[in-house]
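Last residue of the sequence shown: 630 in the working numbering, with the numbers rising by one and none dropped.
It cannot be assumed that every hint is accurate.
With beta-carbon atoms standing in for the labels, derived distance ranges [claimed, not checked]:
| no. | residue 1 | residue 2 | range |
| --- | --- | --- | --- |
| 1 | R616 | D512 | 23 to 31 Å |
| 2 | R490 | V587 | 39 to 47 Å |
| 3 | I584 | D512 | 32 to 40 Å |
| 4 | E568 | H537 | 51 to 59 Å |
Simulated crosslink set (EDC-like; lysine to aspartate or glutamate; CA at most 16 Å straight-line) [what the hints assert, rightly or not]:
| no. | residue 1 | residue 2 |
| --- | --- | --- |
| 5 | K534 | D547 |
| 6 | K562 | D547 |
| 7 | K562 | E530 |
| 8 | K544 | E578 |
| 9 | K562 | D541 |
| 10 | K562 | E611 |
| 11 | K602 | E530 |
| 12 | K544 | E530 |
| 13 | K562 | E617 |
| 14 | K583 | E595 |
| 15 | K514 | D541 |
| 16 | K583 | E572 |
| 17 | K602 | E578 |
It is worth saying that the hints were derived from the structure and are not from the lab.
Keep in mind it's a predicted model, so treat the numbers as computed, not measured.
We put the CB at the ideal spot given by N, CA and C, even for glycine.
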Amino acid sequence: MRHTLSVLVRNEFGVLSRVVGMFSGRGYNIDCLTVAPTLDPKISHITLVTEGEDEIIEQISKQLHKLIDVIKVTDHTVGTFVDREMAMLKVAPAPEQRAEVLRITEIFRGKIVDVGPRSFVIELTGARDKIQAAARLLEPLGLREMIRTGPLAMLRGA
Numbered sequence: 473m474r475h476t477l478s479v480l481v482r483n484e485f486g487v488l489s490r491v492v493g494m495f496s497g498r499g500y501n502i503d504c505l506t507v508a509p510t511l512d513p514k515i516s517h518i519t520l521v522t523e524g525e526d527e528i529i530e531q532i533s534k535q536l537h538k539l540i541d542v543i544k545v546t547d548h549t550v551g552t553f554v555d556r557e558m559a560m561l562k563v564a565p566a567p568e569q570r571a572e573v574l575r576i577t578e579i580f581r582g583k584i585v586d587v588g589p590r591s592f593v594i595e596l597t598g599a600r601d602k603i604q605a606a607a608r609l610l611e612p613l614g615l616r617e618m619i620r621t622g623p624l625a626m627l628r629g630a
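Use the sequences and the hints to build the structure in full.
Given below as structure tokens:
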């Protein structure tokens, strides 16, 4: 099962390495990893996505809690949460396909952030499935490159 974990940690040297080591030491891969500061500069927020059995992820979560620099671990697989990814896609359509690229961008509420003589760079924000669907539609129109942030997740409510 796919799990999105949020880990609040002290913003100190070596903490990320120890968190990642908990996964690699147990033979689990991290599919996506995002690290960002929080409102408090002494704390960082790690969002990671992994695949694994619920029991194993729960065990890793408990082990993460034991690390001195880990403040909180939240598994966003359970409960209600909001998650979003951002992607930038470079599309080089044939001249007769440019309008179709613009139409798809509009349908997916994307933004054209760069226009070149032969290409567009599109910014998309949304759920993973939305970004994948847009990429599938843009592929036959000349999708040349795509880069994604991976998910950011937050619990709903107060």
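*Hint by hint, which ones does this structure get wrong, listed from lowest number up?*
Structure breaks hints 1, 6, 7, 8, 9 and 11.
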